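2 protein chains.
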Amino acid sequence: MAARRIYRGAWIEVSTEEVSLPNGRQVTLDIVRHPGAAAVVPFLSADEVLLIRQYRHAAGGTIYEVPAGKLDAGEDPAECAVRELEEETGYRAGRVEALGWIFTTPGFTDERIYLFAAYELEKTRQRLEDDELIELVPVPLDSALELIWSGELPDAKSSLALLHAARLLGKLA
Amino acid sequence: MAARRIYRGAWIEVSTEEVSLPNGRQVTLDIVRHPGAAAVVPFLSADEVLLIRQYRHAAGGTIYEVPAGKLDAGEDPAECAVRELEEETGYRAGRVEALGWIFTTPGFTDERIYLFAAYELEKTRQRLEDDELIELVPVPLDSALELIWSGELPDAKSSLALLHAARLLGKLA
Numbered sequence: 002m003a004a005r006r007i008y009r010g011a012w013i014e015v016s017t018e019e020v021s022l023p024n025g026r027q028v029t030l031d032i033v034r035h036p037g038a039a040a041v042v043p044f045l046s047a048d049e050v051l052l053i054r055q056y057r058h059a060a061g062g063t064i065y066e067v068p069a070g071k072l073d074a075g076e077d078p079a080e081c082a083v084r085e086l087e088e089e090t091g092y093r094a095g096r097v098e099a100l101g102w103i104f105t106t107p108g109f110t111d112e113r114i115y116l117f118a119a120y121e122l123e124k125t126r127q128r129l130e131d132d133e134l135i136e137l138v139p140v141p142l143d144s145a146l147e148l149i150w151s152g153e154l155p156d157a158k159s160s161l162a163l164l165h166a167a168r169l170l171g172k173l174a
Numbered sequence: 002m003a004a005r006r007i008y009r010g011a012w013i014e015v016s017t018e019e020v021s022l023p024n025g026r027q028v029t030l031d032i033v034r035h036p037g038a039a040a041v042v043p044f045l046s047a048d049e050v051l052l053i054r055q056y057r058h059a060a061g062g063t064i065y066e067v068p069a070g071k072l073d074a075g076e077d078p079a080e081c082a083v084r085e086l087e088e089e090t091g092y093r094a095g096r097v098e099a100l101g102w103i104f105t106t107p108g109f110t111d112e113r114i115y116l117f118a119a120y121e122l123e124k125t126r127q128r129l130e131d132d133e134l135i136e137l138v139p140v141p142l143d144s145a146l147e148l149i150w151s152g153e154l155p156d157a158k159s160s161l162a163l164l165h166a167a168r169l170l171g172k173l174a
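The listed protein sequences correspond, in order, to chains A and B. Residues in the first sequence are numbered from 2 upward in steps of one, following our numbering. Residues in the second sequence are numbered from 2 upward in steps of one, following our numbering.
These are computed hints drawn from the structure, not numbers from a lab. Keep in mind that a hint or two might mislead.
Identical chains blur together in the list; that is why a pair holds if it fits in one copy or across any two.
Stated by the list, open to error - In the SDA-like style, the derived pairs of lysine to any residue whose C-alpha atoms are separated by at most 25 Å in a straight line are: (1) Lys172 with Leu22; (2) Lys71 with Arg57; (3) Lys124 with Pro139; (4) Lys124 with Ala99; (5) Lys71 with Ile7; (6) Lys172 with Ser144; (7) Lys172 with Gly152; (8) Lys172 with Met2; (9) Lys124 with Glu76; (10) Lys71 with Glu19; (11) Lys71 with Arg113; (12) Lys172 with Pro36; (13) Lys71 with Leu22; (14) Lys124 with Ser16; (15) Lys124 with Arg9; (16) Lys71 with Glu147; (17) Lys71 with Pro23; (18) Lys71 with Thr17; (19) Lys172 with Glu153; (20) Lys71 with Tyr8; (21) Lys71 with His58; (22) Lys71 with Arg34; (23) Lys71 with Asn24.
Please read all numbers here as calculations on a predicted model, not as lab measurements.
Turn these sequences into a full structure, and let the hints steer you where they fit.
Structural data, given as C-alpha cells:
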C-alpha cells in the first residue's frame, strides 16, 4: 500500500492511499486518520443523565451531545472518558462502565469512539478549553431517548452511548 | 470567517477555518466538508432485513453495514437511498420511509447521513462500483439488533438506522 500524506493538522491527518482490495483490484482512497475518542453518559442518579449543549462549527450551531473528547497519545479510553467528563462538566466519576465502541463513518475515516456510562459522580470544577462552549443540561434518561427518536439529538456517538446505557438498564426491549 | 482550502478530493474537502465563536473568541479549526449521504434498512419481510458485509479500508477489514452512499449533487436523500439500495443489493424499493438524520462526527466534519427504511422490495440486479466488495446478509431484525448490542455491528449509521426502524415497529420500549 502506497500512501501520500496530504495534511497533518492538530489532530486529523489526511492521506491519499493506493489500496489493494481483497479481490486484487487497486483503488485510490482518501482517508482521514484520527486518534480515536471516548464519549460518556454521566448518570446523576439512576434515571437522570447529564447532557451538554455545545457549539460545533462543523454542525453550524449548538447541538446536544454527551461529554466526549479525543484520546491523548497512548491514553486508555476509560481514562479519557473520566478526564473529559471532569473537564467538560466538573464531575468526577467514581465508576465507569464500557458500552462498546463505534466507527463514526468508516467510508472515509478510521475514527473509533469508545462509549461509556459514568456513575457515582462527585462535583469538582469544569475546566473548558478556549474553543469549548458548553452548557450542562441534566435530563431524565427517558427524555434523552425521546430527543433521539424525535431527531433533536442527531449526534451519532451520543445517541448510541445513550441507547446502549438505556438497554443495560432494561429500558429497551 | 476566513477559510483556507487544504485539499479537494473526489468527495471530501479539507479546510482550515478561522472561526469566531459565539463568545467572541477566535479559533482555528480543521474541517472535512462532505456532501452528505443516505443509509437505508431494506426490509425483505416484516421481520427480516438485508445487511451487507463490505470491505472498508478505513476500518481495516470487512464490516456489517446497511446499504448507503453519498448524495450526488442536488440529489434528494430519499432518491439517493433508493439508488444506492438497488446498486449495492439489486433490490428496488417500492416505498421508503424517512427515519431522521445524524451527524456522524461533528467534531471535525459536517457530514450528515439521512436514514431510511425501505419496503416492497423487488429483485433487479446488483451494480457494484470497482471499489465495492459487498456480500448480502439477510437476517431477522432481532438478530441485527443483537449484533449492535454485542458490538459486532459497530458502524454508527447502520446501528442508528436499524434502531430507529425497530422503534417504529414497536420493537424497543
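Handout entry: 25 Å Cα threshold - placement of Glu19 relative to Lys71
Key = The answer is between: 21 Å across copies meets 25 Å, while 27 Å in one copy does not.
Handout entry: Alpha-carbon proximity between Lys71 and Arg57, which holds within one copy, between copies, both or neither at 25 Å
Key = Close inside one copy (15 Å) and across copies (22 Å); limit 25 Å.
Exercise for the section: Tell me, please, which holds for Lys172 and Leu22 at an alpha-carbon limit of 25 Å: within, between, both or neither? Expected result: For Lys172 and Leu22, the Cα distance exceeds 25 Å both inside one copy (41 Å) and across copies (37 Å).
Problem - Lys71 and Pro23: within-copy, between-copy, both or neither at 25 Å Cα - result: Between copies only: 23 Å across chains, 31 Å inside a chain, cut-off 25 Å.
Handout entry: Within, between, both or neither, where Lys71 and Glu147 count as close if Cα-Cα is 25 Å or less
Key = neither (27 Å within a copy, 28 Å between copies)
Exercise for the section: Indicate which option fits the pair Lys172, Ser144 if close means a Cα-Cα distance not exceeding 25 Å: within, between, both or neither. Expected result: both (12 Å within a copy, 19 Å between copies)
Problem - Alpha-carbon proximity context of Lys124 and Arg9, limit 25 Å - result: neither (37 Å within a copy, 45 Å between copies)
Exercise for the section: Evaluate Lys71 and Leu22 at a C-alpha cut-off of 25 Å and name the case that applies: within, between, both or neither. Expected result: between (30 Å within a copy, 20 Å between copies)
Handout entry: Up to 25 Å CA-CA - Ser16 versus Lys124, copy category
Key = Neither way: Lys124 and Ser16 sit 42 Å apart in one copy and 38 Å across, limit 25 Å.
Handout entry: Intra- versus inter-subunit Cα pairing at 25 Å for Lys172 with Glu153
Key = The answer is both: 20 Å in one copy and 21 Å across copies each meet 25 Å.
Exercise for the section: Using 25 Å as the alpha carbon limit, work out where Lys71 and His58 are close: within a copy, between copies, both or neither. Expected result: The answer is both: 17 Å in one copy and 22 Å across copies each meet 25 Å.
Practice task
Give the relationship of Lys124 and Glu76 under a CA distance limit of 25 Å: within one copy only, between copies only, both, or neither.
Solution key: within (24 Å within a copy, 48 Å between copies)
In the structure shown, a violation is registered for the earlier hints numbered 1, 8, 12, 14, 15 and 16, in ascending order.
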